[in-house]
Amino acid sequence: MTLTDPREALADQSNFIGYLVGLAGLGRVVHTLADGDRRSDPPPESDDFVHVLLGVASLGEGIERLANSTVAQPDPSVEAPPPASTTMRWLR
Amino acid sequence: MSPEVLIGMLAELERIRELTLNLIERETPRLLPAPPDEACGTERTVFDLLLGARRAVLGNPAAARGVHDLLVAEGHRYANTPDGARLRDALVASEAVENLRRVWETVSLNVLDGPAAPNAAPDAWADLLADAVMGHGLDDSILARLRPEGFA
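In order, the protein sequences belong to chains A and B.
For the first sequence, the working numbering assigns the number 1 to the initial residue and increments by one for each residue that follows.
For the second sequence, the working numbering assigns the number 1 to the initial residue and increments by one for each residue that follows.
A portion of the hints provided could be inaccurate.
To be verified - A short list of chain B residues far from chain A (calculated; beta carbon distances all over 12 Å):
no. : residue
1   : 25
2   : 27
3   : 37
4   : 42
5   : 46
6   : 74
7   : 75
8   : 77
9   : 101
10  : 113
11  : 121
Claimed, not checked - Quick look at which bits of chain A chain B covers, simulated, 3 or more residues with Cβ under 8 Å:
no. : segment
12  : 36–42
13  : 48–60
Because the hints were derived from the structure by calculation, they are not lab data.
Every residue, glycine too, gets a C-beta built ideally from N, C-alpha and C.
Please construct the entire structure, taking both the sequences and the accompanying hints into account.
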């Protein structure tokens, strides 16, 4: 197999959804960290470390929004469902 | 040179990079500590995970810095939204975040912080490896006393 001769079955073996699920899980971990016990001393200013955590949380929330939007697709109240090819693409 | 040859060269360079990293780790035992005695189950899994994270950062400093900078930029963007600002304030005040920060600093040895040229390894990475290698070879008992414990 080469880049110019892709195999369709490889899509079934892709871990792409696994990556997304992992990132969404990390995003939830950040929220759990934020809900923990408060520091006894005065908190410092936010630094790069806190912004890295915020970045992970933001990615996680984006992925969850993506998942929620795909779940909403089969809603029967929607009169014009997306083309079958689009649905297949998301399923893969 | 054909693209096939160039890709072959890249693959070979990657192999050499990996072997060099192995050699550095063997020559500087403090960067690759032995697993704790009788560690098993969850404790051993966590130890392997932390060592893997250290190796990923020390072995790919430019890529790790790139990911770090992307996440920091996204974090700043998110912090400008109401939800992000609330989360930022909660994270800053959280004791668990402070503990996680200590874990991360111990694992990464802070090599991702400080100045770095675009798409290049951070200066702190080169400083750390130079210090670890030179400090190991120097073996000076007087200087060793001046070095704080855990400082590579």
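According to a criterion of three or more residues whose C-beta lies within less than 8 Å of a C-beta of chain B, is the segment 36–42 of chain A covered?
Satisfied; 5 residues make the cut.
Holds or violated: is the Cβ of residue 77 of chain B farther than 12 Å from all Cβ atoms of chain A?
7 Å, violated
Would you check whether the claim that residue 27 of chain B is not at the interface survives, using Cβ distances to chain A and the 12 Å cut-off?
Given a closest Cβ separation of 30 Å, the condition holds.
So is residue 101 of chain B really clear of chain A, every C-beta pair being over 12 Å apart?
Residue 101 of chain B not clear of chain A: closest Cβ-Cβ about 5 Å, inside 12 Å.
At 12 Å, judged by beta carbons, does residue 37 of chain B keep clear of chain A as stated?
30 Å, holds
Is the Cβ of residue 113 of chain B more than 12 Å away from each Cβ in chain A?
7 Å, violated
Minimum Cβ separation between residue 25 of chain B and chain A greater than 12 Å?
25 Å, holds
Hey, does residue 74 of chain B actually stay past 12 Å from chain A on C-beta?
Violated: least Cβ distance 4 Å, not greater than 12 Å.
Consistency of the no-contact label for residue 46 of chain B, given chain A and a CB cut of 12 Å:
The assertion about residue 46 of chain B holds, with a minimum of 15 Å to chain A.
Are at least 3 residues of the segment 48–60 of chain A within less than 8 Å of chain B when you compare beta carbons?
holds (count 12)
Residue 75 of chain B: least C-beta distance to chain A exceeds 12 Å?
With a cut-off of 12 Å, residue 75 of chain B comes too close to chain A, as the shortest Cβ separation is near 3 Å.
Does residue 121 of chain B really sit off the interface, with its C-beta more than 12 Å from all C-beta atoms of chain A?
The claim holds: residue 121 of chain B sits with its nearest Cβ about 17 Å from chain A, beyond 12 Å.
Checked against the numbered hints given earlier, this structure breaks hints 6, 7, 8, 9, 10; the rest are met.
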